[in-house]
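**Q** Chains as they are written, first to last, in this note's numbering: chain A, 341 to 1012; chain B, 341 to 1012.
The hints are simulated quantities; they were obtained by calculation from the structure and are not laboratory data.
A couple of the hints might just be wrong.
You can't tell identical chains apart in this list, so a pair holds if it fits in one copy or across any two.
Lysine to any residue pairs mimicking SDA-like chemistry, simulated, CA-CA at most 20 angstroms apart [what the hints assert, rightly or not]: (1) Lys432 with Tyr742; (2) Lys991 with Gly438; (3) Lys432 with Gly535; (4) Lys432 with Arg518; (5) Lys432 with Asp685; (6) Lys991 with Gln436; (7) Lys576 with Glu794; (8) Lys432 with Val987; (9) Lys432 with Arg998; (10) Lys694 with Glu913; (11) Lys432 with Phe629; (12) Lys694 with Ala475; (13) Lys991 with Trp437.
For clarity, every value in this text was computed on a predicted model and none was experimentally measured.
One-letter residues, chain by chain:
There are 2 protein chains.
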Amino acid sequence: MNPSNDLVTRSVNALRFLAADMVEQARSGHPGLPMGAAAMAYALWMRHLRHNPANPSWPNRDRFILSGGHGSALLYALLHLTGYDLPLEELKRFRQWGSRTPGHPEYGLTPGVEVTTGPLGQGFATGVGMAIGQAHMAARFNRPQYPIFDHWIYALVTDGDLMEGISHEAASLAGHLRLGRLVYLYDDNGVTIDGPTDLAFSEDVAQRFEAYGWHVIRDVDGMDVDAVDAAIAQAKADPRPSLIMCRTIIGYGAPHKQGTSAAHGAPLGPDELRAAKEALGWPTEPMFFVPDDVREHFLTSRTRGQQAEAEWRRLWEAYRNAYPDLAAELERRWAGRLPDDWDADLPTFPAEPKGLATRAASGQALNALARRVPELIGGSADLTPSNKTYLQGQGDFGPQNYAGRNLHFGVREHAMAAAANGLALYGGLRPFAATFLVFSDYLRPALRLSALMEVPVTYVFTHDSLAVGEDGPTHQPVEHLAALRAIPHLVVLRPADANETVEAWRVALEYTDGPVALALTRQAVPTLDRARFAAAAGLRRGAYVLADLGPTPPQVILMASGSEVALIVAAGERLAAEGVGVRLVSFPSWELFAAQGPAYREQVLPRAIRARVAVEAGVPQGWERWVGPWGRILGVHRFGASAPGAVVMEKYGFTVDRVMELAREALTAAAG
Amino acid sequence: MNPSNDLVTRSVNALRFLAADMVEQARSGHPGLPMGAAAMAYALWMRHLRHNPANPSWPNRDRFILSGGHGSALLYALLHLTGYDLPLEELKRFRQWGSRTPGHPEYGLTPGVEVTTGPLGQGFATGVGMAIGQAHMAARFNRPQYPIFDHWIYALVTDGDLMEGISHEAASLAGHLRLGRLVYLYDDNGVTIDGPTDLAFSEDVAQRFEAYGWHVIRDVDGMDVDAVDAAIAQAKADPRPSLIMCRTIIGYGAPHKQGTSAAHGAPLGPDELRAAKEALGWPTEPMFFVPDDVREHFLTSRTRGQQAEAEWRRLWEAYRNAYPDLAAELERRWAGRLPDDWDADLPTFPAEPKGLATRAASGQALNALARRVPELIGGSADLTPSNKTYLQGQGDFGPQNYAGRNLHFGVREHAMAAAANGLALYGGLRPFAATFLVFSDYLRPALRLSALMEVPVTYVFTHDSLAVGEDGPTHQPVEHLAALRAIPHLVVLRPADANETVEAWRVALEYTDGPVALALTRQAVPTLDRARFAAAAGLRRGAYVLADLGPTPPQVILMASGSEVALIVAAGERLAAEGVGVRLVSFPSWELFAAQGPAYREQVLPRAIRARVAVEAGVPQGWERWVGPWGRILGVHRFGASAPGAVVMEKYGFTVDRVMELAREALTAAAG
């Protein structure tokens, strides 16, 4: 049963004007994209998208990503009309406090929103991660006759998305990996904020994507539902990722603004909106008008979706009988439960003055976890041997082997992080992503979205200080710990030795409310003697007392994170030998410590001990909070330098003598 | 006079083994790129590059960028042999403390190094900025018969550079702008750190660059000097930017490691190095061996360079006679002097309770400067109308008009910032780059290099807080002020009102030792009455007393930056009316305040006033330094929310009542 052309046109117009009315009512927003892309969206949502509005978490649903998140009103109109739990009242509260219709789509807030978008390029690259997830889960779990994972990842992308560098990284990766389940619709409306797109953008997009190994469908009339429909069908039939290039008219219908940047980012205004409605034969009153037959037509999505999921559930039941172990594993993974004994193989490292690099301990911990936690998947942006993130025996993910769990992202940090977001959003997977700490800058916008969406991605950042040495200031992070700690919802962990590193991985696996960033050393650090010092499990509380040395109660607190803990231990021992009472605090995570109750915090850092020294090979910013006004901070105040790591550390003052000197200064200041 | 083939081969080998010996001696570094790319480098440096080793700052020199900065040993070998002030002793101190041969090339440290590279993709994109600079200066200053600016920008780029997203942004922009003076040599050695490049990278690079509008020369044998030479000649003859694809063998010569990732990033080891020398017929002893005829051959660069510059100087003298005004302007600009009366048109804004957005005041200040400071050039990443950075009457830079001073970067923040670095490095230009503050994350790696190189780029970051409003958390910065302040050598300025904004621009123009970031409001803020409050020039000192209200000496200090200054003023007035002595401090820049002497700092924030409140719509991180242990910080502890800006600010506690409450808390705490 095909709906009449008239019904289709009016359905498309309903999307247009619901969106335009939302923007108008909010006096804020972006009408241009929804009005231009409504026909594309209709073709995709009503003729291809397999989803169940009654169950937005159905694992085998198609994913839809609005990469140009500023067109959120279009997405909300689609979600509302196809029967998601998003009543018209919410559309009327577009962009208002407490509504489920924020300015840009937010994952976790609105049912049916698969990913937070708005920062351009992110949706594009996150979809690539979802497609990796689909390919991997299919390779691991599908069985002949049982295509449990058998769906598509669609996105609507804009010229802004395609100009961003992350789109290049992600598209190149997707082409390389031959992720054929990706079908991206390019809303080519020829307009940007500054003016016509060709003011700054004249590349041959089709040729570029063909160079990446994509299947490109050119010159599709994006205003024509049937043309878009046919192109999507063609895209699905091709084994490569597909880009469908749809010519559209931004703000279509608005007589004075369509086709110009004036339609992009501001309400049309009452006159222009009325004129647009008149031009397209739409009732000018009431606002938020949806004809009954249009409403009914869109709601067939609900029936179709329920049928689709029911059919899949039958398949799933049969699969469960045929492959009970696989099904049980999947159910566990979907529920977000770790396997029993997931941490049974985690190593414990004996005390060892020479010790080992925390990146090396991390590699061992990660491999011990990977053997028992099959949902652990990830890789590095071409620094695998340096980051120590290779999962032995778990295979390389690639077009010949989607079951592999080692991802080779290439030198593409930004796409890596966005893809990790996509993997985390996909379900049933626990992704990690690795690079040098200094290059966390390259992926920061995607990491911010991990935090904003509160998805559990583990970032493995090695080479975490000046001690990187010879590679010099371009490769030595100094501001990055501070910059990462500034991000809400991100837990930064900088373990002091091998055993704290193991604990850090334990925290990372257990923590599912957001991303975790591990900062790990390149160089060897002593493995502390836990018979003399408190257990490494203290890391879980963010900061803990390693030991009180010399006379009690302690007179001075020495605190440090990561590789500098060895330094305060050595300084503390010498001070104690001189008769000073010293408390040694290992301080791997501000966030975890701040989350403890005041009683615990007072126990570790008693108000009464005013003399305090913090030591960290990074900018001091923020340590004031923990050392207080009489404290001293041994940090880094400028960029690094190229020389052997131990030389750089010494030249920058990271010596036992300097720590002792600062301890004495703090004691004097606190006494004064 | 062509050197014999034998001399050429031995010259290439001299480059290879100087570099390999440097790495060997340092026990650290990357021999693979130098050994593979030495022939390419020879062809470029000895047959095309017009430079004067005796004067690395000759304005019309060709620029050479080693975008794969890890190959620094090759660059140092070239600089040494062609006669730059880089003696062999420095090569022997490769990667050692205090040497001029750091692990990655550092601008400002080593003569002849045009840009700091190492973070991949940066050199590629910075070169695009230099090419914009060349095109612009040529359009402005060249006259018939007087090609004052007539040179090329060469780069050696690697697969890592081409995988990074920034290369896409920059290449797309360069193709659009038809920057024909760019000639990039791609060292296509087929190897990355993780293994063969095709593990993660199988795009058709040539096709991709053709899609950008580049001229691509395929399949050049990068090991063959004559082939590379011919390709460069062909590239120069084409009006488009050129990419020369050179097939090379990483680590060429090393019998067991060449062609593999083992040659990339570690010394060959004595045995392999000896075997390599034997394989290529090179004396195994002594290290750092350079045959006399090879040394003499390379040193012809010096003569050629002196002749080239002398020729140009004759042209310049004639130009100076023919166009004395233009020549005088150029000399002023090269000397880094601002024009007389450069700030004469800067506006002063009358007190106005409703006021205006600091981004709007910025737009006025910028335009007032642009009229008098012709070296001011810049633009936005497709947010020109929002950032208020359009220079009226100054034309749009584009392939039809290289004289234009408005750059349309497209939605390419990262390439924008790197291009701004290139413009600053080029000489005679003062670039600015604009986007929303939240998207400073997208350009952070390039901004870090602005700071590391200490080049004067002005970043215009508007929409600087939760008050952005409806666009929601993806567009509301909360952690970005802290994250920027963490970067050494960067001055962050968040002016409180229109007049502070004018002062901020004054600082930005006067400051030439590094980048400046302006954080500006979207929303209107009151223009303070400078008859009641201290002059806005106080901004120059980072923080200053606006006024003491009520009883003196003040009991409590309220400090704030940017839009929150209006809030402390209102709170201060009410507290004073209640009989509390209040000091109001406008605090636009931590860096400038920290740079003041202790006496000034004590004057503004006297130790004796312990009750302090800081107010800023961002994460509190680091404000502890200024408020001390009895202080209170009104900041933001989570991501933002979508609603009208004033609503969000109120919901997050940015109210006069809350400031007063915190002031009372601080008074109690300080008294206790």
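**Q** Tell me the hint numbers this structure goes against, listed in increasing order.
**A** Hints 1, 3, 4, 5, 7, 9, 12 contradicted; others consistent.
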